[in-house]
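Number of protein chains: 2
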Amino acid sequence: MTSSERPHVLIVGAGFGGLYAAKALKNAPVRITVIDRRNHHLFQPLLYQVATAGLSPGDIAYPIRAVLGRQKNVRVLLAEAVGVDLASRKVKLRDGEISYDYLILSPGVRHAYFGHNDWERWAPGLKTLEDALEIRRRILLAFERAEREPEEAPRHALLTFVVVGGGPTGVELAGAIAEISRQVMVRDFRAIDPREARIVLIEGGPRILPTYPEDLSTKAEAQLKRLGVEVWTNSVVTSVDASGVVVAGQKLRSATTLWAAGVEASPLARSLGVQLDRAGRVIVAPDLTVAGHPEAFVIGDLAVLGDKDGKPLPGVAPVAIQQGRHAARNILRATSRIPPEPFHYLDRGSLATIGRAAAVADFGWIKFSGFFAWLSWLFIHIFFLIGFRNRFIVIFEWAWAYFTYQRAARLITGNINGQPSDSEE
Amino acid sequence: MTSSERPHVLIVGAGFGGLYAAKALKNAPVRITVIDRRNHHLFQPLLYQVATAGLSPGDIAYPIRAVLGRQKNVRVLLAEAVGVDLASRKVKLRDGEISYDYLILSPGVRHAYFGHNDWERWAPGLKTLEDALEIRRRILLAFERAEREPEEAPRHALLTFVVVGGGPTGVELAGAIAEISRQVMVRDFRAIDPREARIVLIEGGPRILPTYPEDLSTKAEAQLKRLGVEVWTNSVVTSVDASGVVVAGQKLRSATTLWAAGVEASPLARSLGVQLDRAGRVIVAPDLTVAGHPEAFVIGDLAVLGDKDGKPLPGVAPVAIQQGRHAARNILRATSRIPPEPFHYLDRGSLATIGRAAAVADFGWIKFSGFFAWLSWLFIHIFFLIGFRNRFIVIFEWAWAYFTYQRAARLITGNINGQPSDSEE
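Line by line, the protein sequences give chains E and X.
The working numbering numbers the first residue of the first sequence as 1 and each following residue consecutively.
The working numbering numbers the first residue of the second sequence as 1 and each following residue consecutively.
It is worth saying that the hints were derived from the structure and are not from the lab.
Any given hint could turn out to be false.
Claimed, not checked - Capping the alpha-carbon separation at 20 Å, the derived lysine to any residue pairs in SDA-like fashion look like this:
(1) E:LYS127 / E:HIS111
(2) X:LYS308 / X:LEU272
(3) X:LYS72 / E:HIS111
(4) E:LYS72 / X:SER350
(5) X:LYS72 / E:GLN406
(6) E:LYS23 / X:PRO194
(7) X:LYS72 / E:ASP277
(8) X:LYS26 / E:LYS308
(9) E:LYS72 / X:PHE368
(10) X:LYS92 / E:LYS72
(11) E:LYS92 / X:GLU144
(12) E:LYS72 / X:PRO194
(13) E:LYS23 / E:GLY69
(14) X:LYS92 / X:LEU272
(15) E:LYS308 / E:ARG356
(16) E:LYS26 / X:ASP188
(17) X:LYS127 / E:THR413
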């Protein structure tokens with residue numbers, strides 16, 4: 001079989017799902033093309049640390065070419081997919097098109113504003129490195145502006161940070177901002193005391209970390225409060241603008257609002273012409289394919305699939321990784337004319353970190369919180385980081401931060417003069 | 001003497017000059033205000049390594065507050081100076097003004113296009129972190145686009161990199177691009193061979209590194225050629241656009257042109273109403289003050305002063321550091337009613353690096369090139385980096401790059417879709 005006769009596997013998106021699918025096909029008799037809008041794989045579970053000046057972008061991102069460069073049956077293209085034509089087996093790019101024999105669609109999701117897209121300028125979300133740098137810029141700039149603000153009311157607003165959404169990202173962001181203000185910046189200012197910063201985490205439902213067991217939600221809330229974070233549950237945000245947010249008719253004045261409250265599918269999903277859920281995600285068959293198209297797989301955050309109890313699988317890295325590998329195996333089966341197998345998620349547990357030596361862990365057979373949960377969180381994240389260099393640097397940065405209470409990446413880059421509002425006016 | 005009676009020293013710009021001036025006044029009976037448009041001090045000698053994916057922004061930048069946070073007589077303000085009123089001893093800010101008893105003006109310089117400011121969009125210069133990230137984006141994107149370009153002529157243009165200006169920055173950029181293409185990216189692409197990239201360094205004068213002894217220029221040129229860089233001397237660029245540059249009536253097609261060919265003073269200089277040189281820099285008295293204003297010092301790249309032979313001092317970090325300390329000492333003398341002393345530059349030598357194990361060194365009493373010049377360059381740059389953490393990380397990154405031939409920071413961020421031209425159209 002010559003290489004041009006080998007079936008062509010097209011993987012759209014080099015997140016966890018796409019990357020692990022490509023790796024699982026390493027020795028397979030297929031030609032693989034990986035396309036991504038970015039030249040790097042992003043380790044999203046640590047993105048909040050870039051947003052809060054703990055890590056640099058280069059520590060959690062790795063060039064896709066460098067990951068797959070030695071895998072001879074892969075080529076990597078920097079390209080943006082804008083649509084899928086399932087009937088003719090083609091993916092439309094912003095500039096051109098690529099045909100495939102097998103498709104693995106793993107473009108991920110974006111944050112969503114429940115129909116209020118105008119809120120985005122006042123309350124950025126956290127999905128890309130650019131998002132993280134913008135959030136870092138806003139947080140650091142708020143302290144800088146507070147130092148120069150002579151009036152009390154606007155100074156209070158500058159020192160108030162609102163995080164909307166009590167899932168893992170919101171909890172991690174709120175905890176990290178509290179750490180910066182309470183521990184890192186203590187000696188840096190003259191006119192303000194950064195410890196006076198007010199951090200409010202707003203969750204619409206009755207408890208934070210709603211996908212975790214209830215006792216861990218309670219423990220996470222206690223740990224956040226110990227760090228100085230106000231946790232508002234059963235609180236729905238009805239308005240966001242430059243001056244802050246409105247919750248239950250009450251105005252909360254804040255110069256910095258961050259959004260961690262929901263996701264929305266890639267527009268690619270709509271182009272499939274198949275059944276979608278309310279967030280626009282693709283409802284897939286048990287073998288991860290699209291109805292009627294055994295050659296087209298959808299995996300990761302974009303796919304909707306229930307676990308053995310019918311509960312939808314969460315949008316986390318382990319699900320994407322296992323689905324990527326499973327899709328790869330089903331493609332191998334198809335090339336050998338073996339029927340596909342259904343996907344079963346092996347849930348090894350969930351972890352969320354709140355701050356220095358504070359986290360909650362749920363491994364199914366055991367639940368715990370505090371220092372040991374935090375250590376587990378550290379080791380598991382280091383283990384899944386790609387590349388020895390990145391692991392080494394992140395271990396060093398964390399050890400450095402732990403012992404010195406300093407944060408390395410406290411840089412304001414990009415638009416330096418503007419208030420958040422200036423940059424988009 | 002109460003603190004409000006203490007004279008107020010205003011330092012504009014926290015580059016090498018401003019920062020070392022503030023540190024030299026550590027135990028002085030003065031109140032110090034340091035203002036900068038940025039929240040970080042930038043180690044400019046290594047900026048070209050950020051532009052060529054060897055280091056991350058956080059490795060060579062350090063928050064000014066973190067450097068000066070423990071120095072009790074200093075406050076740091078994020079603010080942009082837009083003018084100086086020498087008569088009333090006030091600095092105008094973009095938002096407000098600050099009065100002073102003593103002024104140290106060290107805002108630095110920008111790159112200049114000799115009246116062709118429209119060239120900037122096609123040929124970015126290298127002075128800020130944002131500049132460096134934009135250059136990194138263009139270099140990496142050119143390889144990505146070449147991988148997808150089926151036609152030969154545009155592919156050649158994408159793999160041609162032009163660096164205009166044969167000073168240290170131009171030499172370092174050209175050498176680093178050659179290294180990336182020859183050594184780092186070798187296995188990463190399928191359709192192109194990055195080793196075919198053409199790198200052209202264009203210098204208007206008769207030799208590169210014109211401020212160095214002539215034999216070192218010759219050696220630097222030989223080392224660049226060994227890396228695969230074409231060195232064009234006596235070559236003046238007369239046009240720059242999206243398709244490349246024109247040199248002596250001949251078109252050189254290139255998708256990526258970088259500018260390292262000249263500097264221009266900060267507009268602040270004009271507001272002084274004193275004598276400027278052709279590049280708009282301030283001609284200072286031997287004690288570093290402005291004529292008629294013994295309380296106003298100008299230091300660093302913005303100041304023009306001759307050495308003992310009347311030759312103007314170069315715009316390098318050691319000059320700025322020594323001038324910063326000297327201005328601080330003259331202010332201390334003034335507060336004790338002791339007359340100021342003239343500044344004398346102690347030239348400890350010059351170093352320029354060409355690439356892996358390649359550099360030239362001129363320490364006055366000894367000149368050498370090659371591996372040992374490169375080692376000297378490494379140690380001196382590590383020594384002057386601020387902060388243990390940054391030193392450690394940079395040593396690690398360099399060792400890692402040396403032994404693995406990899407570069408950590410190969411990320412394309414910012415505008416990902418665009419050609420260089422798109423972003424500003």
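Structure-based check of each hint:
Between E:LYS127 and E:HIS111 the CA atoms are separated by roughly 7 Å; this keeps the pair inside 20 Å, and the hint holds. At most 20 Å may separate the alpha-carbon atoms for a hinted pair to count; X:LYS308 and X:LEU272 exceed this at roughly 26 Å. Between X:LYS72 and E:HIS111 the alpha-carbon distance is near 44 Å, which puts this suggested pair outside the 20 Å criterion. Between E:LYS72 and X:SER350, the direct Cα distance comes to roughly 45 Å. Violation of the 20 Å bound is thereby established for this hinted pair.
Distance check on the hinted pair: X:LYS72 and E:GLN406 sit about 19 Å apart at the alpha-carbon level, within 20 Å; holds. With a C-alpha separation of about 24 Å, the suggested pairing of E:LYS23 with X:PRO194 is violated against the 20 Å cut-off. Straight-line distance between C-alpha atoms of X:LYS72 and E:ASP277 comes to about 59 Å, which puts the hinted pair past the 20 Å bound. Between X:LYS26 and E:LYS308, the direct Cα distance comes to roughly 67 Å. Violation of the 20 Å bound is thereby established for this hinted pair.
For the given pair, E:LYS72 sits about 44 Å from X:PHE368 by alpha-carbon distance, which is inconsistent with the 20 Å threshold. A hinted pair counts as satisfied when its Cα atoms are at most 20 Å apart, and X:LYS92 with E:LYS72 does not qualify at roughly 61 Å. About 18 Å separates the Cα atoms of E:LYS92 and X:GLU144, which keeps this hinted pair within 20 Å; it holds. Annotation: proposed proximity of E:LYS72 to X:PRO194 holds, straight-line Cα distance about 17 Å (limit 20 Å).
Note on E:LYS23 and E:GLY69: the hinted pairing holds, with a Cα-Cα distance of about 11 Å set against a maximum of 20 Å. A hinted pair counts as satisfied when its Cα atoms are at most 20 Å apart, and X:LYS92 with X:LEU272 qualifies at roughly 12 Å. Restraint check for E:LYS308 and E:ARG356: the C-alpha separation of about 35 Å exceeds 20 Å, so the hint is violated. For the given pair, E:LYS26 sits about 16 Å from X:ASP188 by alpha-carbon distance, which is consistent with the 20 Å threshold.
Between X:LYS127 and E:THR413 the alpha-carbon distance is near 13 Å, which keeps this suggested pair within the 20 Å criterion.
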